[in-house]
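Enquirer: Residue strings, one per chain:
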Amino acid sequence: MTSMKFAGWFLLAVLPGCLLHGTWAEASTDEHAAHRAAMAKTRYSVTTGTYEIPNVELVDTEGQLIELRELLAGDQPVALNFIFTTCTTICPVMTATFSQMRQALGDSAADVELVSITIDPEYDRPPVLKAYADNFGADAGWIFLTGDSLDIENVLRSFDAYAGSKMNHQPLTLLKKPGDANWVRIDGLASGDSLAQEVTARLLDLQ
Amino acid sequence: MRRLLWLVGAGAAVALLVYLTSGAPDPDAGRRIYREGILPTGEPLTAVVAGDVEILGTQFSCESCHGRSGMGTSEGEYIVPPIAAQFLFVDSPQPLRPAYTAESLADLLRDGVTPAGRQVNELMPRYRLTNEDIEALNAYLETLSAGNSPGVDDYAIRFATVFSEDVDPAEREAVLAVTRRFFADINSQTRNEGERWDRGYTPESKLPTVYREWVLEEWTLTGPTDGWGEQLEEYYRETPVFALVGGLSSRPFGAVGRFCERNEIPCLYPGADLPEPSPGDFYTMYFSRGLGLEADLVAQDLDARPVGKVVQVYCAEGPAAAAAELSQVLVTRSVAVENLRFDCSMPLPVDDLAAHMGGGPDVAAVLWTDESQLDAGLDALPPGRIYLSSTLLDREAPASLATYSGTVFMAHPFLLPGAPDPAFRRFKLWAARHDLEVTEPRLQAQAFFSCLVLNDAMKHLGRFFVRGFALDMLDHTQGLMAYLPIYPRPTIGPGQRFLSKGGYILPVVDGQIDTADAAWILP
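Chains as they are written, first to last, in the working numbering: chain A, 2 to 208; chain B, 840 to 1362.
Hints were generated in silico from the structure; no laboratory data involved.
Do not take every clue at face value.
Claimed, not checked - One side only, chain B facing chain A, incomplete, derived with CB under 7 Å:
no.	residue
1	A889
2	F899
3	S903
4	Q1317
5	G1318
6	T1330
7	P1333
8	G1334
9	Q1335
10	R1336
Claimed, not checked - To be clear about the criterion: a stretch of chain A counts as covered by chain B if any three or more of its residues have a C-beta under 8 Å from a C-beta of chain B, and this derived list gives those stretches:
no.	stretch
11	79-85
12	123-134
13	165-175
14	178-189
Bear in mind the structure is a predicted one, so any value in this text is a computation, not a measurement.
Note that the Cβ used here is the ideal one computed from N, Cα and C, for glycine as well.
Here chain A stands alone, though its shape is the one from the complex (with noise of 0.2 Å):
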């Protein structure tokens, strides 16, 4: 009985799509393929800027200090986007699909500095950030950075991020050229693929 009523909403949830779009050979093969491709339709725009960072010293998940400015001006490519542990919905969402862009990335990973800022430096920590790092497989080419909740509030209103309160915030990754005043900012949550594929194109000149 059971298997005839999930039987029964299979074909009423796959069926319909399937005639639509004549792929029932290729579904009866991969069943889940329309399903896969309406996932992977996410949306985000992509525009350019340039931002005066300001002169802060942030501090990264050992309690050393950095330097944002020296930082984000290194000679290697930068993907820049914020954070806060106790997000719910989108922040594991970038934070995984930061994961999985290097992941994507392969060798070329080790090119791109990945820093993932705080917007909530009061409770997130170097600690509290460490853990949460760990939970999702940083590695040494990417940095979590706290620091004082003003000098926060400076570095998001430079990046044209503020959005007030932190339960407002919207899904934004940076990227930015050695050398390049330029910034790539691409508002929106893009896929792990999606990402690699901007990273490849516009930070590391392959395609």
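Chain B: place on chain A using the hints.
Expert: Below, chain B alone, put in the same frame as chain A:
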């Protein structure tokens, strides 16, 4: 006889049911999947999110987005729908879909397809789950926020405010006056709403209403704190309440916190000098860690400016617990600590303290005392460093140390003296409009805030009087922080239970708190 037959029949039915369900889905296992993202095997769930991003259940449990209550939430432009029993297992008009079954739940969890055949947003992970996992999760979801929590009936919702008997009666009355007045205000803001329920002539024509009269219970705790748990249970058995709000205690607050965790009762912003949280606590929200935070501020300052020896002086139970916390930290850092407890009915033993401090400047004394205990003879202390508690001294430097030859600092987990505090001004206006005298500024403003928070939570609930939902909603009220008086830099979020997390170590110069070089410290 008929009754006996019925009983036998029922017994047989139960036995049959037990037999049939011996491999029954386990809601406890389902709860673990839901809350922690851990499978019955002990392994984390695995899933794909946002199209192709591989994730683990420990990064994405059900709770992390849908909330403890399963009532859903929103973040930025993303809306997480409710999945509590009363939503999931009924037909939904918007978006249109039939009620979920264990089978259609499997389709959703694995492939993101609803019973209506629609693909849900890519933010919903597509989990890899066995049939047994899904059955366990299904069994848990069938119980999740299935009905109203205790403390609510068709006409009224009850809250309790808890005071321990050690609280000064004047302080208690001042705080109670605010809370009672707030409740009276809420109940007077609706006209005849309470009668709405009974309108109409047939049961079908009676209108359901979300209106409930707020009823305030006043609970007093007596004797040693280890008896408080039983007293609270007794009060609660007598009159179940939906939540605790405000209240006051200068004693360690652990017993109240544990009571709230045990019974899953929200405890909103008690005026507790010394919260004693346990890891993973969910139900109590505090302003700050109070004296515990002050202890950490002192420890941090001693790290930056070490001394050879630390002497702590205290009499009451709350300060004693704070001193114990500080001792523990200092001992792990190999700092010599001597603790001096005196009888609260006696004056501070200045001579004894002087002897412990010795002669040298390489010593710090932490005086966990209130103003009345600091009245005389402190000039005679050797010229070391003295730390004071801003909580116990009501945020003011004591006059008795104005001519002390050493240095004096205050551990101050509050807004800087003189800093603008619009939320406090707002409270004062409210008090003036309600003919309430502000005699205890901090405590009364705190009580007002806890009522504001309660009101905010109740407005979010609508007709779903579910405690977990109230807390899930409050987890996202960063906007309410604009109304928090007294405390600096508040932040809130899921799992965060202390609004203000840091403080200052401020020097006292010529009897005045000096804020010129104030630096924000997050221990």
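Enquirer: Now tell me, hint by hint, if it's right for this structure.
Expert: Each hint, compared with the structure:
1. A889: 5 Å, holds
2. F899: 6 Å, holds
3. S903: Holds - the Cβ of S903 (chain B) comes within 7 Å of chain A, reaching about 5 Å at its closest.
4. Q1317: 4 Å, holds
5. G1318: 5 Å, holds
6. T1330: Given a least distance of 5 Å, the restraint on T1330 (chain B) holds.
7. P1333: P1333 (chain B) check passes; min Cβ-Cβ to chain A is 5 Å, inside 7 Å.
8. G1334: Hint on G1334 (chain B): holds, closest Cβ of chain A at ~5 Å, below 7 Å.
9. Q1335: 5 Å, holds
10. R1336: 10 Å, violated
11. 79-85: Contact hint for the stretch 79-85 of chain A vs chain B: violated, 1 residues under 8 Å.
12. 123-134: Holds, because 3 residues of the stretch 123-134 of chain A bring their Cβ atoms closer than 8 Å to Cβ atoms of chain B.
13. 165-175: holds (count 7)
14. 178-189: Per the Cβ count (0), the hint is violated.
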